[in-house]
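Participant: In my numbering, each number is its position in the sequence shown, counted from 1, plus 96.
For the record, the hints were derived by calculation from the structure and aren't laboratory data.
The model shown is predicted, which means the values in this text are computed figures rather than measured ones.
Virtual Cβ for every residue (Gly too), placed ideally from N, Cα, C.
Take these hints with a grain of salt, some might be off.
[Stated by the list, open to error] Label-pair ranges, simulated between beta-carbon atoms: (1) I160 to S180: 20 to 26 Å; (2) L196 to L175: 25 to 31 Å; (3) I169 to A104: 25 to 31 Å; (4) A138 to G186: 18 to 24 Å.
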Amino acid sequence: IVAAFLGAGILGFLVIEVEEKMFYDTKGIAWAILAGLAVGAAEILSFLVNGMGVPAVQSIPVIIGGSVMFGTIIGRIFLAEVLSLSGWFGVILIAIGITLVGMESEGEM
97 IVAAFLGAGI LGFLVIEVEE KMFYDTKGIA WAILAGLAVG AAEILSFLVN
147 GMGVPAVQSI PVIIGGSVMF GTIIGRIFLA EVLSLSGWFG VILIAIGITL
197 VGMESEGEM
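Let's have the full structure, built from the sequences with the hints guiding it.
Facilitator: Structure follows, in structure tokens:
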């Protein structure tokens with residue numbers, strides 16, 4: 097909530113005070129709001145997962161890596177963004193890393 101108010105305040109200041117015309121559209125603002133909600137949900141998820149006893153060394157890479165991986169896939173599907181072959185290779189490596197970190201048991205850490 098703090099980030100939403102801070103972002104709205106900065107945006108309001110820029111719209112009112114900056115001499116140059118700002119170009120934006122409602123679709124872009126909607127995507128920005130959805131991105132903010134997704135980041136907030138990931139943070140809340142990390143608190144919930146860590147509260148269940150999952151070590152942070154295991155949960156944080158899975159949650160952060162997962163958000164990068166899914167963000168890339170969602171960008172491709174919904175925004176028609178293009179990623180190079182090496183970029184997709186990186187997404188595959190992230191998925192492999194998430195799998196390896198997620199399979200670790202507490203005794204192995």
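Participant: Go through the numbered hints given earlier and state which of them the structure violates, listing their numbers in rising order.
Facilitator: none
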